[in-house]
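Q: Protein chains in written order, with UniProt numbering: chain A, 1 to 105; chain B, 1 to 105; chain C, 1 to 137; chain D, 1 to 137.
Don't take each hint at face value.
To be verified - Under the rule of at most 25 Å between Cα atoms (straight-line distance), these lysine to any residue pairs were calculated in the SDA-like manner:
1) C/Lys99 to A/Ile102
2) D/Lys12 to B/Ile100
3) C/Lys99 to A/Asn50
4) A/Lys33 to C/Pro13
5) C/Lys73 to B/Gln74
Said to hold, decoys possible - Counterexamples of contact, computed for chain B against chain D with all Cβ distances above 12 Å:
6) Ser2
7) Gln8
8) Glu12
9) Tyr27
10) Asn44
11) Pro86
Read the hints as simulated data drawn from the structure, not as lab findings. We put the CB at the ideal spot given by N, CA and C, even for glycine.
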Amino acid sequence: MSLKMNTQYLAEKNMWYVEVVGEIDIYTANRLKETLINLLNEQNTDIRINCEELDYIDSTGLGVLIGALKRLKQDNKNIIIANPKPNISKLLNITGLNKIFIIEG
Amino acid sequence: MSLKMNTQYLAEKNMWYVEVVGEIDIYTANRLKETLINLLNEQNTDIRINCEELDYIDSTGLGVLIGALKRLKQDNKNIIIANPKPNISKLLNITGLNKIFIIEG
Amino acid sequence: MGDSLSISIPSKPEYVSVVRLTTSAIASRMGFNVEEIEDIKVAVAEACTNAIIHSNCKQDDNFNIHFGMDEKKIVIQVQDQGNGFYCEAVEEPDLTSPKEGGLGIFIIKSLMDEVVLESDIGKGTTIKMTKYLGDDI
Amino acid sequence: MGDSLSISIPSKPEYVSVVRLTTSAIASRMGFNVEEIEDIKVAVAEACTNAIIHSNCKQDDNFNIHFGMDEKKIVIQVQDQGNGFYCEAVEEPDLTSPKEGGLGIFIIKSLMDEVVLESDIGKGTTIKMTKYLGDDI
Ligand SMILES: Nc1ncnc2c1ncn2[C@@H]1O[C@H](COP(=O)(O)OP(=O)(O)O)[C@@H](O)[C@H]1O
Ligand SMILES: Nc1ncnc2c1ncn2[C@@H]1O[C@H](COP(=O)(O)OP(=O)(O)O)[C@@H](O)[C@H]1O
């Protein structure tokens with residue numbers, strides 16, 4: 001039970017691709033935060049987070065995503081949450097975050 | 001986490017085929033015991049237990065198998081434990097039961 | 001009279017996943033369906049996360065999770081002996097303008113059938129949450 | 001000083017699987033490998049099974065499992081307030097002529113690095129077992 005992340009910059013789309021595998025919770029959210037901050041320091045542009053293999057996210061993890069989104073919004077950029085599992089979609093719907101992030105798949 | 005069992009009598013081999021799926025422990029061992037007793041009441045003959053999908057067995061479960069074996073030994077019959085997973089093989093080795101049952105695969 | 005089970009864990013982030021697994025195992029044993037098991041797991045984890053982040057307990061102070069189970073429901077209490085807070089002051093999050101924090105209690109209330117927060121300043125906080133088996137009430 | 005975690009569960013067969021999952025989660029978090037996690041899980045489950053079968057506690061009396069963890073080892077104590085027994089009288093099973101019973105403690109001793117049994121007639125039983133991280137000792 002932990003979190004693995006892969007990140008990649010796609011120049012032709014000017015977009016970060018981030019794959020998150022495992023669980024984002026109070027224990028792992030800080031690593032996600034650091035990873036995203038590093039990416040945005042390098043290039044403040046859209047992030048596509050592939051959640052196909054994300055099993056769990058808690059309010060701490062959602063808070064990290066909201067923090068990153070706020071920073072991106074200043075440059076009119078966004079976060080795309082791709083292929084969330086049903087449990088994660090449910091959380092995004094309950095919290096209204098499905099209207100704030102772009103949800104794909 | 002529970003125990004599923006399928007049983008079948010193969011007349012040409014004069015043998016019971018029993019498939020055990022899941023976990024045999026203090027909670028489920030009684031059902032295994034009843035199942036085996038019913039089979040042996042019908043036909044006191046060799047039992048082949050397919051353990052391919054058996055994730056766990058405890059001393060209670062091993063006790064049930066030993067009890068059935070004792071009854072079979074009186075008629076010179078045996079119990080074949082087929083395809084046990086490594087954790088279950090380990091337990092059979094530790095307890096010396098690998099020398100009492102016939103282990104296959 | 002139902003069964004009761006309790007766990008005492010250190011106030012450290014790395015133990016929340018242990019509680020999640022235990023909670024899932026209990027809920028699954030009781031016959032909750034997959035979605036309900038997930039709801040209960042998430043709610044308990046959020047309450048534990050609050051105890052760890054906000055109660056201001058020392059990391060080697062443990063806090064408690066108590067599960068009460070009968071044929072109809074599970075009642076879970078997450079209890080810390082920390083700072084406490086004014087729970088009346090907790091506001092619902094403004095879903096149109098999300099903030100980094102303030103989602104935990106809202107998520108718990110959304111996922112469980114009944115939620116009661118009790119907090120005594122200087123003494124600690126207990127959040128009690130109930131989920132019923134079978135049809136939603 | 002390490003962390004400690006404890007669980008109190010009803011003396012009922014259906015809760016042993018909950019303890020197994022919790023134990024696996026703890027051992028896995030500590031960095032034990034797959035085989036060691038399985039060993040610890042099996043040993044704890046055998047001790048719980050004994051507490052449930054032999055202690056003669058009422059089903060709604062709970063018993064305790066205590067986990068002590070540091071960087072080097074896990075120490076687990078399974079403790080019931082039941083009948084107790086004369087632990088000196090426990091014999092090693094005769095592996096050449098197996099019986100239906102008498103394997104539990106033998107399995108625990110085979111799988112754990114250190115095992116101490118303490119039992120007081122009329123007061124209860126504690127089995128304490130230790131497994132070290134890293135190379136076998
Ligand atoms: N166990 C607790 N001890 C002390 N304060 C708490 C506790 N749980 C919640 N709180 C308070 O309630 C507020 C709202 O909690 P919550 O909705 O979970 O959001 P967040 O944890 O993101 O702030 C917290 O910011 C904190 O001030
Ligand atoms: N927690 C306990 N309370 C009382 N007696 C116990 C306890 N644990 C073990 N014993 C005694 O020790 C014996 C040996 O236990 P064990 O090796 O686990 O085999 P089994 O449980 O199959 O008898 C038991 O039969 C019982 O008499």
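Q: Which constraints among the numbered hints does this structure fail? Numbers only, ascending.
A: Hint check: 2, 5, 6, 9 and 11 fail, others pass.
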